[in-house]
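Those protein sequences? They're chains A and B, same order as listed. Each residue of the first sequence is one higher than the last, beginning at 1 in this note's numbering. Each residue of the second sequence is one higher than the last, beginning at 1 in this note's numbering.
Hint data in this document are derived by calculation from the structure and do not stem from the laboratory. You may find that some hints are simply not true.
[Unchecked claim] No farther apart than 20 Å at their CA atoms in a straight line, the calculated lysine to aspartate or glutamate pairs in the EDC-like style are these: (1) B:K298 x A:E277; (2) B:K155 x B:E263; (3) A:K169 x A:E188; (4) A:K298 x B:D280; (5) B:K229 x B:E348; (6) A:K321 x B:E277; (7) B:K253 x B:E75; (8) A:K169 x A:E139; (9) A:K298 x B:D299; (10) A:K298 x A:E263; (11) A:K272 x B:E348; (12) B:K174 x B:E184; (13) B:K176 x B:D254; (14) A:K272 x B:D328; (15) B:K272 x A:E326; (16) B:K253 x B:E121; (17) A:K272 x B:D325; (18) B:K272 x A:E348; (19) B:K321 x A:E277; (20) A:K272 x B:E326; (21) A:K49 x A:E121; (22) B:K272 x A:E347; (23) B:K298 x B:D325; (24) B:K28 x B:D254; (25) A:K272 x B:E347; (26) B:K155 x B:D254; (27) A:K272 x A:D254; (28) B:K253 x B:E179; (29) B:K298 x A:D280; (30) A:K298 x B:E277; (31) B:K336 x B:E75; (32) A:K176 x A:E121; (33) B:K272 x A:E266; (34) B:K298 x A:D299; (35) B:K272 x A:D328.
One-letter residues, chain by chain:
There are 2 protein chains.
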Amino acid sequence: MNIVLLSGGSGKRLWPLSNDSRSKQFIKIFKTEDDGYESMVQRVYRQIKSVDGEAVVTIATSKSQVSAIHNQLGENVGVSVEPCRRDTFPAIALAAAYLHDVQGVAEEEAVIVCPVDPYVEEDYFEALQRLGSRAGASEANLVLMGIEPTYPSAKYGYIIPVCNEEISKVSVFKEKPTEEIAREYIAEGALWNGGVFAFRLGYVLRRAHDLIDFIGYEDLYGKYDTLTKISFDYAVVEHEQNIEVMRFAGMWKDMGTWNTLTEAMESNSIGKAIMNEQCDNVHVVNELNVPVLCMGLKDVVVSASPEGILVSDKNQSSYIKPYVDEIDQQIMFAEKSWGSFQVIDIEEDSMTIKVTLNPGHGMNYHSHAHRDEIWTVVNGHGRTVVDGIECQVSAGDVVQMPAGVPHTILADTRLQVIEVQIGTDISVHDKMKMELPDTVRRK
Amino acid sequence: MNIVLLSGGSGKRLWPLSNDSRSKQFIKIFKTEDDGYESMVQRVYRQIKSVDGEAVVTIATSKSQVSAIHNQLGENVGVSVEPCRRDTFPAIALAAAYLHDVQGVAEEEAVIVCPVDPYVEEDYFEALQRLGSRAGASEANLVLMGIEPTYPSAKYGYIIPVCNEEISKVSVFKEKPTEEIAREYIAEGALWNGGVFAFRLGYVLRRAHDLIDFIGYEDLYGKYDTLTKISFDYAVVEHEQNIEVMRFAGMWKDMGTWNTLTEAMESNSIGKAIMNEQCDNVHVVNELNVPVLCMGLKDVVVSASPEGILVSDKNQSSYIKPYVDEIDQQIMFAEKSWGSFQVIDIEEDSMTIKVTLNPGHGMNYHSHAHRDEIWTVVNGHGRTVVDGIECQVSAGDVVQMPAGVPHTILADTRLQVIEVQIGTDISVHDKMKMELPDTVRRK
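In isolation and in its complexed conformation, chain A is listed as follows:
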């Protein structure tokens, strides 16, 4: 099957684990069989591949997530990169053009579009396969997945089917209702709209050409920033009469808030945590290397990361976003194409960072106008290039880079470096990238 996973935005609702540079789908929070942890995107990708080893998976996402995706899923996963954020219709149109023009998927083939972050079991992806088959064979232009509601939720849109067969024509869509109205919908046989659409590729390409003036993938990519923000629901689904819905009755959870996320955790804590016996329904997710001690708490989630510390009543955790929006905290941890960095100390005219480079990767060759930098290699092997001169480095080596001098570091093995930045005006914007000298081998 062809499956497009929509990998959304910054996800501040899981602060302090998610931030502008790390979305919730990349947080390693689910226990794996070998006692490690995997992220939502890793879990979903593994489940798809286990149901259909031949599945062609394309992740539709923004530039800022591409490194994290390749770090977590490897280099083979397809990525349709959105040059900027323009909501789901432009994203799906771009992914459709990418599948057709770049991946060579035929117009008659079925494509399934699905959010990247449902917490589900494999039966969900088996259902997606059936959804794809139906989209390929049906007269309908769109086949949606309708999830059988387990309670009258006010958080989801509802689909009212014509009948209660496994596959039915759609009678009408309903926006997020109040709990009371949700109860009425459910009595009428309504299903939750899980945000999953299946269609023949040609259908969405035609709708895209109807609404956007473009030639092919390259052209659409080039003018992406000029497109209007609009959801697939508003742009396509609402105007389409010929829609079917397929029921799904298996486990399905939306991992949007700390409350729902902790429900999916297998143990009460990840990372260093101690709870006394008077704690009841407490979850701790601690990314720091010092312990969290909880005493006498009830229905509380605690999360600590290099970005900050959240202590919240579980129900209240749904209302976190405006508070996090107010936090003007510099980014303390980020995944990059070459590895990751963590800010470990900030003083008035200096900043200290731990840089971790993945084997075979290196930073861009760059210089800073307003700060000196000093690297101390703490483990691994690699090469530095400073002002065109290449040097082997390993643990204990020190490299000094005065302001203005171009430099980079290339990792032969996994490599960790303590970087001290010294200057009166330290900023992420003070960076000039340039070409690496021809004599230097990248990998």
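Please arrange chain B on chain A, whose structure you already have, making use of the hints.
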């Protein structure tokens, strides 16, 4: 007046702010008039000096606290250093010998002994002055302070006076009772024992010579580790018939737990903290430079420091000690005679530390057998001595010290250094101290 402040042990009950190297009395938690913060010891010292500018203050404490005391109170405060911990009777005996033999206090002079950490106002120290005057003039050998109880506490010992005059003979002492029995004591006119004793110096010296075989201060100091651990109450107070108690009716709080400490805080937070409107009676003390966000909590204290994070129901916070005892966390922050250090990163074969030196101070001249060290100066001016060679250093300078090479750094101004330690067996015990070459000027 002569006043001896007993500065006690490690105080794990205020973890993560207090630890083996930082006792609760040194935590800067009380707002000052100029909008800074002061510690319990600073507050008490300031209050004493405000009531009696001529007061001679001696702090009886262990070696490990001497640097913190001088850092917080300056060099002029008297310190009677206990070579090891031996409970309050040996500590008071040693302080008495110190006052007599080192400070030249006469045997007829009154001395007041008081814990270093009561949360009180200046009227308390005015009462201490009256207590001292009474001890100097009275026929009684001991004059104690009796605090008028505000509730039937099971946490304190009780003193039952003979009458309800301001000064009375003591009828009997009572150990910590149950709440019910405390209620009966209070009905009989009992007072809390606040751990304050006043006496003529000669009296305690005679009791010390009765119980310990020693000549003078030097001799007692030398054999201190051979002394039996015993409290002043058991060794002296219980055997003395001729005791008076003086009432005190002012504000008096014991700062032993997070619960009582937060009651004394003027605002609900110290450090970066955000609370939503659904928070009720929540206090945050955050020493980290990232924010703590609290949502929908009630009666909770949150404290974050480089050592760890506490999230506790306020009543439960009294039971913290056994849990903290179990934490096997390396010390992440410590005050030293020359300044302080903070561990900012730990990897398998390396550790990174931020060292802050106070102006005019320097480390010991020392070497390590099993690790290399690299210093990067991030601000300030000073001098390094490496293998006997002295060098001026300032921001941006890098100094490399291979294993075995003796080194130190001396601060001319406040000086901060990022120290990277690299080795397979990094331990605080791997340190050989030696004499600084004669050619090097200490300050």
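Each hint tested on the structure:
| no. | hint | verdict |
| --- | --- | --- |
| 1 | B:K298 x A:E277 | holds (19 Å) |
| 2 | B:K155 x B:E263 | holds (17 Å) |
| 3 | A:K169 x A:E188 | holds (15 Å) |
| 4 | A:K298 x B:D280 | holds (15 Å) |
| 5 | B:K229 x B:E348 | violated (41 Å) |
| 6 | A:K321 x B:E277 | holds (14 Å) |
| 7 | B:K253 x B:E75 | violated (28 Å) |
| 8 | A:K169 x A:E139 | holds (11 Å) |
| 9 | A:K298 x B:D299 | holds (12 Å) |
| 10 | A:K298 x A:E263 | holds (15 Å) |
| 11 | A:K272 x B:E348 | holds (17 Å) |
| 12 | B:K174 x B:E184 | holds (12 Å) |
| 13 | B:K176 x B:D254 | holds (15 Å) |
| 14 | A:K272 x B:D328 | holds (11 Å) |
| 15 | B:K272 x A:E326 | holds (13 Å) |
| 16 | B:K253 x B:E121 | holds (10 Å) |
| 17 | A:K272 x B:D325 | holds (15 Å) |
| 18 | B:K272 x A:E348 | holds (17 Å) |
| 19 | B:K321 x A:E277 | holds (14 Å) |
| 20 | A:K272 x B:E326 | holds (13 Å) |
| 21 | A:K49 x A:E121 | holds (13 Å) |
| 22 | B:K272 x A:E347 | holds (16 Å) |
| 23 | B:K298 x B:D325 | violated (27 Å) |
| 24 | B:K28 x B:D254 | holds (16 Å) |
| 25 | A:K272 x B:E347 | holds (16 Å) |
| 26 | B:K155 x B:D254 | holds (10 Å) |
| 27 | A:K272 x A:D254 | violated (26 Å) |
| 28 | B:K253 x B:E179 | holds (18 Å) |
| 29 | B:K298 x A:D280 | holds (15 Å) |
| 30 | A:K298 x B:E277 | holds (19 Å) |
| 31 | B:K336 x B:E75 | holds (15 Å) |
| 32 | A:K176 x A:E121 | violated (25 Å) |
| 33 | B:K272 x A:E266 | violated (32 Å) |
| 34 | B:K298 x A:D299 | holds (12 Å) |
| 35 | B:K272 x A:D328 | holds (11 Å) |
Violated hints, listed in ascending order, are 5, 7, 23, 27, 32 and 33; each of the other numbered hints is respected by the structure.
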